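K.L.:
Given only the sequences and the hints, what does the whole structure look like? Please build it.
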Amino acid sequence: YCKAGDAVSANAFLDVTHGLVHRYTFNVEDVDLIFIKDVVGGEDWDGMLYANTGRHKFEDGKLVFGNNGETSNSGKGDYVDLPNGIMTSTFMTQFTIETWVTPMGAQAWQRIFDFGTSDQGEDHSPSANNTAYIFLSTKTSGNTAARFAYKKPITPDSGAIERSVNPTPSSNYILPLNQEAYLTVVWDEVSNLAKLYYNGVIVGRNTLHMKLSQLTDNNNWIARSQWNDPLLVGAINEFRIWDTVLNAAEIARHYQVGPNDTSLSEPGACITGVRSMGDLNGDCVVDFIDYAMMIEQWMMDTTPLQ
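Per the numbering used here, the sequence shown starts with residue 4, numbered consecutively.
Among the clues, some could well be false.
[Unchecked claim] No farther apart than 25 Å at their CA atoms in a straight line, the calculated lysine to any residue pairs in the SDA-like style are these:
id : residue 1 : residue 2
1  : Lys-142   : Trp-190
2  : Lys-155   : Lys-79
3  : Lys-214   : His-21
4  : Lys-60    : Met-107
5  : Lys-60    : Phe-38
6  : Lys-60    : Ser-77
7  : Lys-155   : Trp-112
8  : Lys-40    : Lys-142
9  : Lys-79    : Thr-56
10 : Lys-79    : Asn-231
11 : Lys-142   : Asn-181
12 : Lys-40    : Thr-56
13 : Lys-214   : Asp-126
14 : Lys-142   : Phe-94
15 : Lys-40    : Met-95
16 : Lys-155   : Val-31
17 : Lys-142   : Thr-158
18 : Lys-60    : Thr-96
19 : Lys-79    : Ala-111
20 : Lys-214   : Lys-60
21 : Lys-155   : Thr-171
22 : Lys-142   : Pro-179
23 : Lys-155   : Asn-71
24 : Lys-214   : Pro-179
25 : Lys-155   : Gly-124
26 : Lys-60    : Val-42
27 : Lys-40    : Asp-264
Derived by calculation from the structure, the hints in this document are not laboratory data. Fair warning: this is a prediction, and the values are worked out from it, not measured in the lab.
P.N.:
Here's what the structure looks like:
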């Protein structure tokens, strides 16, 4: 039989760390044959390079894909496959994804990343009419800007509905070919918002209509789509996943310092103690970071600037 005791057990503590959880540098020293090392999350989260064209190369800290119009379901292109569950296994409700990408082709709907599953499941890319996903593309159709899209799965109560974050006006944010761009996506189920940043400044937002937990993320791809869209023609310099929301100042700073610095340094205290108008982060300098903060505040609400 069981008898309740009066002994007091030691307290149990769960150490939960929020911050940078996955980082893929694409530096030569962080690549082992076909394995793209996760230098933060460890080998369980290493990505695998599928180099089907034979034309890919690593140079200047970048992975240059050998794609030249191949589609995602052709089995003939280059892409990186990240481990299943990378977005759902830790029950994230917030994330920030940062990447430095160089588009080298004009095809519409090229994928920078696409996480979720397709209508035929793992390792297939025919379509995703009924499944959930999140993706970032270099452009949609015509002369358009990057798009961040997210779609909840089909349910007994509703169809599979997609929403997206599109820069406005689109013509101001077209990714130039052969020029590196810094793109950031923020997902925040606390504020119920998704945001897209281009070169350190917010360019669009939309409300969420789904939870990240609704993903079946067994196709987590860099450069490949759940649909039979073109594989990325271009290069990836850096790819990071944070399990928290980076703010406007942090994103602007990362644009300034570039892909080799992951720190989130706080600005130094203003020595004079006197802040200039427009010095939103209080570092006694009115600069790009203050500009990025101002644009986000203007887009998010009408609170008077301090």
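K.L.:
Which of the listed hints are not met by the structure?
P.N.:
2, 8, 14, 16, 17, 18, 20, 23 and 24
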